[in-house]
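Following the hints, complete the assembly by docking chain Z onto the known chain B.
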Amino acid sequence: MSDTPSHEAGKSIFPKWIKGPEDFIGGLVLMAFALFALWASRDLQGMHGFSFGAGTAPRMFAGLLLALGFGVMLMGLIFEGPPLQKYHWRGPFFVSLAIVSFAFTIRPLGLVISAFASFMIAALGTEETRWMEAIIVGICLTVGCSLLFPYALGLPFQLFPRFMIQ
Amino acid sequence: MADLVHNLALGFGVAFTPINLMLCLIGALVGTLVGVLPGIGTIATVAMLLPITFGLPPVGALIMLAGIYYGAQYGGSTTSILVNIPGEATSVVTTLDGHQMAKQGRAGPALAIAAIGSFFAGCVATVLIAVLGAPLTKLALAFGPAEYFSLMVLGLIFAVVLAKGSVLKAIAMIAFGILLSMVGSDIETGASRMAFNIPELADGLGFATVAMGVFGFAEIIRNLDAGAAMSRDLVQQKITGLMPTKKDMLEAAPAIGRGTVLGSILGILPGGGAVIASFASYTLEKKIAKDPSRFGRGAIEGVAGPESANNAAAQTSFIPLLTLGIPPNAVMALMVGAMTIHGIVPGPQVMQKQPELVWGMIASMWIGNLMLIIINLPLVGIWVRLLRVPYRLMFPSIVIFCAIGIYSVNNAPVDVILAGAFGLVGYWLIKHDFEPAPMLLGMVLGPLMEENLRRALLISRGDWSVFLTRPLSAVLMATAAALLILAVLPSLRKKRDEVFVEEG
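First to last, the protein sequences are chains B and Z. Going by the numbering used here, the first sequence opens with residue 7, and the numbers climb by one from there. Going by the numbering used here, the second sequence opens with residue -12, and the numbers climb by one from there.
By construction, these hints were calculated from the structure, which means they are not laboratory data. It is possible that part of the hints are untrue.
[Said to hold, decoys possible] Examples of chain Z residues lying across from chain B (beta carbon under 10 Å, computed):
#1 F41
#2 P44
#3 I161
#4 N210
#5 S280
#6 V367
#7 W370
#8 V371
#9 R372
#10 L374
#11 P383
#12 Y414
#13 G433
[As the list claims (entries may be wrong)] If you anchor each label on the Cβ, the simulated ranges turn out as follows:
#14 H329(Z) - G55(B): 19 to 25 Å
#15 P5(Z) - Q51(B): 36 to 42 Å
#16 P186(Z) - W45(B): 52 to 58 Å
#17 H(-7)(Z) - I142(B): 32 to 38 Å
#18 L103(B) - L126(Z): 33 to 39 Å
Nothing here was measured: the structure is a model prediction, and the numbers come from that model. Each residue gets a CB set at the ideal place from its N, CA and C atoms; glycine is no exception.
Just chain B, with the same shape it has in the complex:
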């Protein structure tokens, strides 16, 4: 919000006639989303008589998004704009991995293992993590969550792996 975007210094990989790559690519991707939505709603029923079918509104708004995406792309083509911002892979990758691993382990392995493992994976998201510290905080967090959610809030959480309970 208040930070200045970290624009990639140096040469742009885009040809000169694309003046604002950020908007150009942004518009293109939105158009792709719109086309995908059009494809996904292709076999829904359209208008019958005066009334909308299930597919009318999705197609209508997908069409609108397609047009708007085209507009944004055109703006990127015509007007001088910022270059693409730099992407980092480490943060997004490990945070996503932590989320996915949580989703896959919460049912079979229970909250304790799942939360702790995901915590450690997420902690890989930056090279500044100090391991001892992270392990201690991870354990505290796991204990805290194991008390908070199932006991204090009474939500149905399984704490330990299924095979250990049975």
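Showing chain Z alone in chain B's frame:
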């Protein structure tokens, strides 16, 4: 008038039971606790804490949620003032003068005036809701589907005009949001739309899931870009002297009054709300100040005005929700989600059928604000210590907490994965300078818009001119069109950009 007193009395009767007071206090505390964490705004806080209200009775749950909402907002201002990291859009302007005040060793008065301003604004807004609630409910009866649709279009256009950056991109985000809202079963025919036979998608994309993704996970990922050792400008001086001096109060009082009026008006408009109110109030204060150069250097009006305005707006934004059933912003949409879980459908009927619920919640907002004043000033020291926790430890904790929160909404692992996917989408949007807030608003209003559009066209036998021939609808549409034209006119654009440049 008798009605008004009766209603408020009923509300306070409900809210003043020990258990509800307790829930309000816990909500305000927890809300502040999470809201203080940098990079977690009100929306993510409310989404994250939704599950903790599930086990409560409806009134208690809503009271606690209202507490969380206020707490989160106040926590956001605390972070803005102490660390110069706005927790969310509404407190962006607070950083301008608030942090400067803190640097001059006046963090105490800045925090106090924010709380006092919010409280005053809250009092006024509470009365306003009570006054306007009943007549607006009657107005709602004059609203047909065409009017509803036009009103929502107006609300969305408002959000576009007053959002920062490109108008075209903001409209594109709204269309994207509306499209996302159409995933799942069609309301009328029950046909599965764009759900790819994934059973968890049959009910549509969960609003909390998407909100957590674009506002929670995306924000974390983006913060990691800058390195976990984010330069945090935490005020190191010891905070002494919490209470503002008499001079402070005298300077701040008119600003609080103006902020309250401005916020109350802007809050009622759908799509308007707290963000715009705080920006508008800051601009106003700067315009009418005798010495505008003080702003940005620790002017107390620059904290008092916007903080009152955003709180007034936050509160009056309940009016469209309670009377018309239209959630005017993302937080309200989360509230709707919570109400639906408890079997309450917001709209004009709730006011009549479950008055104790509505008035209890309204009264508890007032109490929540009062509690914030009482509990937060002594607790400032704790918040400061919390802000010293390094981000490298904070972010994995937030990730896990969010994941558990999302999972517990439906006990569905797929929701967690979807939120993660929306985190990546949100990250991409930030990188391409698309604002996620209009997208979320589009997603919130999407189902209502579609339903009313379909109904309006069915009634008019497919005649699109119905939106322009019904007088009320025509006025709303004309206002929307005028706003849009004004927004793209170069002169106003320049002015608008000036307002937003100040946050840089």
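Checklist entry - For which of the previously enumerated hints does the structure constitute a violation, in increasing order of number? => result Hint check: 2, 5, 6, 7, 8, 9, 10, 14, 15, 16, 17 and 18 fail, others pass.
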